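Chemist: Here are the chains, one letter per residue:
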Amino acid sequence: MSVQTSAMTSSSNPAAGAPIVVASHLCKKFQRDSFEVVALDDVSMEIAAGDFVALMGPSGSGKSTLLNMIAAIDHPSSGELRVMNENVFAFNDHQAAQWRNRHIGYIFQTFNLLPVLTAFENVELPLLLTRLNKAERREHVELALKLVGLEDRMHHLPKQLSGGQEQRVAIARALATDPTLLLADEPTGDLDSRSATEVLEILTRLNRDHGKTVVMVTHDPHAATYARTVRHLEKGQLQN
Amino acid sequence: MAIPISYNLRNLRLRWGATLMTALGVALTVAVASFILALLSGLHRAFQASGNPLNVLVMRKGLSDEVSSSISRGKFGAIKFLPGIAVNAQGQPLASGSLVVVVSLRRRGGDGRANVTLRGLGLQGLALRPGARLVAGHWPQAGRRQIAVGVAAARQFQKTQLGGQLHFGKGDWRVVGEFQDHGSAFESEIWAPRDEMAADFGRPDFSSVLLRAVSPAAASALVRDIESDRRLKLHALTETAYYAQQTSSGAPIAFIGGVIAFIMAIGACFAAMNTMYAAVAYRAREIATLRILGFPRPSILLSFVLESVVLTLFGGVLGIAALLPWNGLTTGTLNSTTFSEMVFQLRFTPHVLADALIFALVLGLIGGLAPAWHASRENILTALRG
Numbered sequence: 001m002s003v004q005t006s007a008m009t010s011s012s013n014p015a016a017g018a019p020i021v022v023a024s025h026l027c028k029k030f031q032r033d034s035f036e037v038v039a040l041d042d043v044s045m046e047i048a049a050g051d052f053v054a055l056m057g058p059s060g061s062g063k064s065t066l067l068n069m070i071a072a073i074d075h076p077s078s079g080e081l082r083v084m085n086e087n088v089f090a091f092n093d094h095q096a097a098q099w100r101n102r103h104i105g106y107i108f109q110t111f112n113l114l115p116v117l118t119a120f121e122n123v124e125l126p127l128l129l130t131r132l133n134k135a136e137r138r139e140h141v142e143l144a145l146k147l148v149g150l151e152d153r154m155h156h157l158p159k160q161l162s163g164g165q166e167q168r169v170a171i172a173r174a175l176a177t178d179p180t181l182l183l184a185d186e187p188t189g190d191l192d193s194r195s196a197t198e199v200l201e202i203l204t205r206l207n208r209d210h211g212k213t214v215v216m217v218t219h220d221p222h223a224a225t226y227a228r229t230v231r232h233l234e235k236g237q238l239q240n
Numbered sequence: 001m002a003i004p005i006s007y008n009l010r011n012l013r014l015r016w017g018a019t020l021m022t023a024l025g026v027a028l029t030v031a032v033a034s035f036i037l038a039l040l041s042g043l044h045r046a047f048q049a050s051g052n053p054l055n056v057l058v059m060r061k062g063l064s065d066e067v068s069s070s071i072s073r074g075k076f077g078a079i080k081f082l083p084g085i086a087v088n089a090q091g092q093p094l095a096s097g098s099l100v101v102v103v104s105l106r107r108r109g110g111d112g113r114a115n116v117t118l119r120g121l122g123l124q125g126l127a128l129r130p131g132a133r134l135v136a137g138h139w140p141q142a143g144r145r146q147i148a149v150g151v152a153a154a155r156q157f158q159k160t161q162l163g164g165q166l167h168f169g170k171g172d173w174r175v176v177g178e179f180q181d182h183g184s185a186f187e188s189e190i191w192a193p194r195d196e197m198a199a200d201f202g203r204p205d206f207s208s209v210l211l212r213a214v215s216p217a218a219a220s221a222l223v224r225d226i227e228s229d230r231r232l233k234l235h236a237l238t239e240t241a242y243y244a245q246q247t248s249s250g251a252p253i254a255f256i257g258g259v260i261a262f263i264m265a266i267g268a269c270f271a272a273m274n275t276m277y278a279a280v281a282y283r284a285r286e287i288a289t290l291r292i293l294g295f296p297r298p299s300i301l302l303s304f305v306l307e308s309v310v311l312t313l314f315g316g317v318l319g320i321a322a323l324l325p326w327n328g329l330t331t332g333t334l335n336s337t338t339f340s341e342m343v344f345q346l347r348f349t350p351h352v353l354a355d356a357l358i359f360a361l362v363l364g365l366i367g368g369l370a371p372a373w374h375a376s377r378e379n380i381l382t383a384l385r386g
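In order, the protein sequences belong to chains A and B. Residues 1 to 240 in our numbering are what the first sequence lists, from first letter to last. Residues 1 to 386 in our numbering are what the second sequence lists, from first letter to last.
Extracted from the complex, chain A is given alone in its bound form (with noise of 0.2 Å):
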């Protein structure tokens, strides 16, 4: 990884164009109470590298368990996903742990920054699950704090900023750890349509300058034009 000796490139990304998510008949099924949910009902589909891909759907359609699922936080009942040609449900916790730390970005809904920490702690916090040494860390979080647009707002604790300041500082924790893969779960979900434009504009920055794979999950139809392939899904079964 390019994150052990360097600032963020986009060296480490596969060839563009050649698949980086591949996933075969993945069915997710649960019991809630006496009923059989299924949330991922033969899912198949490719993911190219260098592409940023929107997942639509309503509520429900099993958007985010397929998100989740190329994070390596969820497991399917059967079927078979490759990410990076890494067969993620054979990892352990651990491993699981390890890998999304170097290779996966996750950007959430509601930011998930850590309340007491500052914006450039929480940026740091997956720098610190590598061998950086401290200046290292800084020259990466004040990188990825200047890509958001936030080398400003670097000390401001989360409740100083605004939601989509704060949703930037999120996106630039993704980014510390330089990682192949952006995952992102309704990012602009919890934003007004100015603060969820900046947010857009940043991953288009993000995928189309730096190389970055984006996978994002929305039900917002003008967020989904930002991206360069839409896949819908509709009660965990893929549509197109």
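Think of the hints as simulated: they come from the structure by calculation, not from any bench. Since this is a predicted model, take the numbers as computed values, not measurements. Where is the CB? At the ideal position from N, CA and C, for every residue including glycine. A couple of the hints might just be wrong.
[To be verified] Here are the simulated distance ranges between beta carbons:
hint, chain 1, residue 1, chain 2, residue 2, range
1, A, Gly189, B, Pro4, 27 to 33 Å
2, A, Ser162, B, Gly267, 42 to 48 Å
3, A, Asn85, B, Pro4, 32 to 38 Å
4, A, Ser77, B, Leu14, 39 to 45 Å
5, A, Glu151, B, Gly328, 55 to 61 Å
Dock chain B against the given chain A, drawing on the hints supplied.
Modeler: Quick look at chain B alone, frame taken from chain A:
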């Protein structure tokens, strides 16, 4: 690298109400525990400071305390010239018989009466106790019904100040001196000229004999020789060993205090556990976020255990700080060997403070482990939903 400790410290500060209440509970527990430890430390200090390793104390066979013992002057004559006994500048053996009785005195503040050890010393008595130093007045002179009082006894009992008159034996005795002896058990005693006291109490025999050996090896040899001489029927041991045995006087304090501290510790553990469970529940989403960022379960476990330990250490420091002003406070207990009042000081030594902090740390570890374990095992997706 672990989750930064600043995350935990700031969360403790953020929830300052819960933090303070839990810390106060722990503080109370640690205060009780450290009070007991300070009592025992003071008691041990008093006994350990007593005696000289070169001094050999001789009593009647089968007895373990000076008060009940009796040694005839004839036997004293037989043992004072044993080989290995040091001599003074005049060539006289450093050997002295003591008469030890218990008298009842009224405590200061009218708080009832207590037994005090009254020790009659012979000519060599002071020479054998070189640690004893006058802090006021002079040593008692024979034939004038004079006594010297240890500083600890002087603090505890009425009429023991310089010039005071105490009534025991056949009449009044005047306090002419006050002495100290490095905080030893002697400071709880009253000393008088032996032969005058023997006449007053009608006790011509000695209670014990103290011999000064020329070396530690000679002291051991003296103990062996006296113990093995069947004609003498005497029991000998080094003076330090005699007082070390009396530290058992602290056993009731240790037992009762230990039980109270243990019960309180259970309560404090539950308080810490409750606070930490609330913290874990409140921060479920943060924990899930940390896991998604790549922090493994052991990091989460360590982070919350550390937070619990910091919380209880804070309580521990509060508890210790609350008690420190009492350092040096004089108190007393019944010496179960001599059945007299043993006066000593509360001593918050570095060792006591370290033990108290370790106690607080253990409370934090025990109280924090289950919530931390729960935090580290929480399903990420469940936790994300809050």
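Chemist: If a hint holds in the structure, say so; if it does not, say that too.
Modeler: Right, here's what the structure says about each hint:
Distance hint for glycine 189 of chain A and proline 4 of chain B: a CB-CB separation of about 29 Å, consistent with the stated range 27 to 33 Å. Range check, serine 162 of chain A to glycine 267 of chain B: about 45 Å between beta-carbon atoms, so the 42 to 48 Å window is met. Against the hinted window of 32 to 38 Å, the Cβ-Cβ separation of asparagine 85 of chain A and proline 4 of chain B comes to about 33 Å, which satisfies the hint. Taking the beta carbon of each, serine 77 of chain A and leucine 14 of chain B are about 40 Å apart, inside 39 to 45 Å as hinted.
At about 57 Å, the beta-carbon gap between glutamate 151 of chain A and glycine 328 of chain B stays in the expected band of 55 to 61 Å.
When held up to the earlier numbered hints, the structure conflicts with none and fits them all.
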